[in-house]
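2 protein chains.
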Amino acid sequence: MALADIVSLERNEAGIQSVVGILKQRFGEQLQSSKSLREQHSHTTTYLPSQLPDAVVFPHSTSEVQEIVKTCAEFKVPIIPFGTGTSLEGGVNAPAGGISVDLQQMDKIIAVNSEDLDCVVQPGVTREALNEHLRDTGLFFPIDPGANASLGGMAATRASGTNAVRYGTMRENVVNITAVMPDGRIVKTANRAKKSAAGYDLTRLLVGAEGTLGIITELTVKLYGIPEAISAAICRFPSVEAACNTTILAIQSGIPMARIELLDAMQVRACNNYSNLDFEEVPTLFLEFHGSTAGVKEQTEMFGEIAADFGGSDFEWVTATEDRNRLWKARHNAAYAISTLRPGAQMIATDACVPISRLADCVVETQKDVEETGLIASIVGHVGDGNFHVTPLVDINDPKEVEAVEAFIDRLNKRAIDMDGTCTGEHGIGQGKRRYMQAEYGDGADLMVAIKKTIDPDNIMNPGKVVSFD
Amino acid sequence: MALADIVSLERNEAGIQSVVGILKQRFGEQLQSSKSLREQHSHTTTYLPSQLPDAVVFPHSTSEVQEIVKTCAEFKVPIIPFGTGTSLEGGVNAPAGGISVDLQQMDKIIAVNSEDLDCVVQPGVTREALNEHLRDTGLFFPIDPGANASLGGMAATRASGTNAVRYGTMRENVVNITAVMPDGRIVKTANRAKKSAAGYDLTRLLVGAEGTLGIITELTVKLYGIPEAISAAICRFPSVEAACNTTILAIQSGIPMARIELLDAMQVRACNNYSNLDFEEVPTLFLEFHGSTAGVKEQTEMFGEIAADFGGSDFEWVTATEDRNRLWKARHNAAYAISTLRPGAQMIATDACVPISRLADCVVETQKDVEETGLIASIVGHVGDGNFHVTPLVDINDPKEVEAVEAFIDRLNKRAIDMDGTCTGEHGIGQGKRRYMQAEYGDGADLMVAIKKTIDPDNIMNPGKVVSFD
Chain X
25 MALADIVSLE
35 RNEAGIQSVV
45 GILKQRFGEQ
55 LQSSKSLREQ
65 HSHTTTYLPS
75 QLPDAVVFPH
85 STSEVQEIVK
95 TCAEFKVPII
105 PFGTGTSLEG
115 GVNAPAGGIS
125 VDLQQMDKII
135 AVNSEDLDCV
145 VQPGVTREAL
155 NEHLRDTGLF
165 FPIDPGANAS
175 LGGMAATRAS
185 GTNAVRYGTM
195 RENVVNITAV
205 MPDGRIVKTA
215 NRAKKSAAGY
225 DLTRLLVGAE
235 GTLGIITELT
245 VKLYGIPEAI
255 SAAICRFPSV
265 EAACNTTILA
275 IQSGIPMARI
285 ELLDAMQVRA
295 CNNYSNLDFE
305 EVPTLFLEFH
315 GSTAGVKEQT
325 EMFGEIAADF
335 GGSDFEWVTA
345 TEDRNRLWKA
355 RHNAAYAIST
365 LRPGAQMIAT
375 DACVPISRLA
385 DCVVETQKDV
395 EETGLIASIV
405 GHVGDGNFHV
415 TPLVDINDPK
425 EVEAVEAFID
435 RLNKRAIDMD
445 GTCTGEHGIG
455 QGKRRYMQAE
465 YGDGADLMVA
475 IKKTIDPDNI
485 MNPGKVVSFD
Chain L
25 MALADIVSLE
35 RNEAGIQSVV
45 GILKQRFGEQ
55 LQSSKSLREQ
65 HSHTTTYLPS
75 QLPDAVVFPH
85 STSEVQEIVK
95 TCAEFKVPII
105 PFGTGTSLEG
115 GVNAPAGGIS
125 VDLQQMDKII
135 AVNSEDLDCV
145 VQPGVTREAL
155 NEHLRDTGLF
165 FPIDPGANAS
175 LGGMAATRAS
185 GTNAVRYGTM
195 RENVVNITAV
205 MPDGRIVKTA
215 NRAKKSAAGY
225 DLTRLLVGAE
235 GTLGIITELT
245 VKLYGIPEAI
255 SAAICRFPSV
265 EAACNTTILA
275 IQSGIPMARI
285 ELLDAMQVRA
295 CNNYSNLDFE
305 EVPTLFLEFH
315 GSTAGVKEQT
325 EMFGEIAADF
335 GGSDFEWVTA
345 TEDRNRLWKA
355 RHNAAYAIST
365 LRPGAQMIAT
375 DACVPISRLA
385 DCVVETQKDV
395 EETGLIASIV
405 GHVGDGNFHV
415 TPLVDINDPK
425 EVEAVEAFID
435 RLNKRAIDMD
445 GTCTGEHGIG
455 QGKRRYMQAE
465 YGDGADLMVA
475 IKKTIDPDNI
485 MNPGKVVSFD
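Protein chains in written order, with the numbering used here: chain X, 25 to 494; chain L, 25 to 494.
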């Protein structure tokens, strides 16, 4: 199948053998090369075929990562940074082989600076582990891409998720990064001041670079006070447009929505099946409000009035923590849920993002396209950000179907770009979406390649991803 | 005097003459070279000595800027982008001569997308002009560095100001940039989607680059709904520490402060003198709260309780719009006010920024240093961001005094960096602070130079600023 630009790049066989030998000598049991482990480190959750690394190494410190990078650099051998392997566009594949650097054992929380509302962590700390650690501080880390991803991986992929509408994405929530660069130098992109006007924004250059410019070995992220009151609700709408228009007006009115998620009718059906729920199968918004008790009350009243104007139902309240977790679990399991609609098929998770004013158009056109193409695919979206997911279920062994879904994804991405949007709001480029970079950025894509070539002239950092260097 | 790294760079005399001739031919009256105009385009508000450009050109469109850049690139002649000339660290000086590109006539508001809470503007639109244009929409652009700066200049310098604590800096508020790059290519860094995970963050690369990587010719910025209620107040404290600790706790408690500004006793005295006020001359916080009517009431009650715990006075309320404007005008005139304390002296406006937990330490140590050095200098700060300004008043003709203030600024910046902060929170690097880049970033500073050399190999874009290329 030809679902993406997953060319196999030329292998530097002699270099790889040398590096594996040297690193085995140096790292002993911290380096593994069993086939099953290497498979785990390439396939992960993507629909893309696996391309295995030659070995997996588990460093414990920035200086160990530096040693690994210097060795790989000397022999021009690829390095593939690995967090928890939950990327969706082939981010951890090894198209030219090389060394997977698994950062999961770098899982120390170095400092919680509660006065500064930030904390310093190693890249392997997962968001759930961090929030568990923060439990007694009254603080939390909000960014939630669904998976229990590592903070290093989330920074590298500019992750976001359901509450980015309120708290921003990793772009806004990473304060600084320490990274080992392709030449082995250690760069710290900033100190911990909340803002700086000193020079180029190296932090934002590494956030979203998907490990193609360096490996993140430490980072500082922002924290927030746990809101006094949290309440969640669902609200049903007669149409996708009505749900989108409600969202637009709510945000325009300054309601600080914490979460506002659109599920189309098919997705509600899938969630009902999978999570044993009995929601009415119509376009539905899942909502969450954060604030003071009085503030949340005010927000929900304002939202309720707007929703009513667009034909929205009364709220179905979900206030107990347990029920709220159940609701969001159902939302987070949307992808698994949709699989139940066509057992045995491969789910292809793709996303796009447009200005919120174009969201209804983009979703409705995409639904029509789904229907005309004869696909089974639901739509679920971080509607406050104009970001939505489409998950076609495909018989991967039917070349005609693969071709049809490929053309569908092409149309989806071009539609989003034509509506002043982007081919990916949060999944990243990886291998799967490199083909759209030129359409989205024009000469800007060439500028990215020039930056890559300056920082990584031998193309050893996660080659074959994001930019078309090769 | 040697207050900064304002080396004169080698002039490409023949190239400059050729370019001025060609551009005069092409642009006629849009190009001017009178000495007074050239002086206006270099000195501006900085304490640094002027270095004049050879001509000033006033383009009207991206394609005119492209023509100018291509001509300059051909002859390797410097280009100095110019907004309103309110930069403080020599950002518009021309150390190797060249062409000042004044963008003030590119002042069209191209689109206001109220559903998306953004607008597309040419770079010469000032923040006041934009807010005037938005008057009837219920929306506003919050970032307010004090001066009525241009949005292009504000993006280029990563400007912020009094309400960055609530709305962020230009880093968070620029959605995309169209820029003419040093080779004449036009790059658009992003579309208008609220978020994107597609490739390197070119927007953030240009925000804060101070025109050293390209000239901004169009940009999209975020807008916000005008809050239902705004109220301002002042609150007096027994010490700088008490004011800082109140700020920390208020922010930790999640009070969404819109403005929280610290004035030390000397600054209050200066404001009293200059703006004809009669505030008690003790450390004082100027505050502003935005929200719904009930929300603002709740915020101010919470803040009042915290302030009382640290010995803060009752609020002195400033609710009428006129009085509020008077308050913030006094704050914005702080720099002029301080000048009255030593008539005839040169004011040197410098800033630094530290994690908020270190702010009291940093301010108190700096006050002590001011005293020991025998300077007249007040401190005023965006205390919610850990950012503060120090403005020594110096007899520029006394070499010993100049040396003393230079050593003081050195100590200030190193103190901030040592406290995990930055040598500038919002003034930028320009020429004045290049010497601190290595101390702040180490190998990161070299990485910035490498990026500059890739994008602008002939060093024609605002040479002598930010990075030490030359």
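Some clues are possibly wrong.
You can't tell identical chains apart in this list, so a pair holds if it fits in one copy or across any two.
Said to hold, decoys possible - Below, a list of computed lysine to any residue pairs in the SDA-like style, where the Cα atoms sit at most 20 Å apart:
#	residue 1	residue 2
1	Lys246	Met290
2	Lys438	Ala153
3	Lys212	Ile441
4	Lys438	Glu395
5	Lys59	Ile420
6	Lys424	Glu396
Bear in mind the hints are in silico, worked out from the structure with no lab data behind them.
Verification of the supplied hints:
no.	hint	in the structure
1	Lys246 <-> Met290	neither (36 Å within a copy, 34 Å between copies)
2	Lys438 <-> Ala153	neither (38 Å within a copy, 35 Å between copies)
3	Lys212 <-> Ile441	between (34 Å within a copy, 13 Å between copies)
4	Lys438 <-> Glu395	within (18 Å within a copy, 63 Å between copies)
5	Lys59 <-> Ile420	neither (24 Å within a copy, 72 Å between copies)
6	Lys424 <-> Glu396	within (15 Å within a copy, 81 Å between copies)
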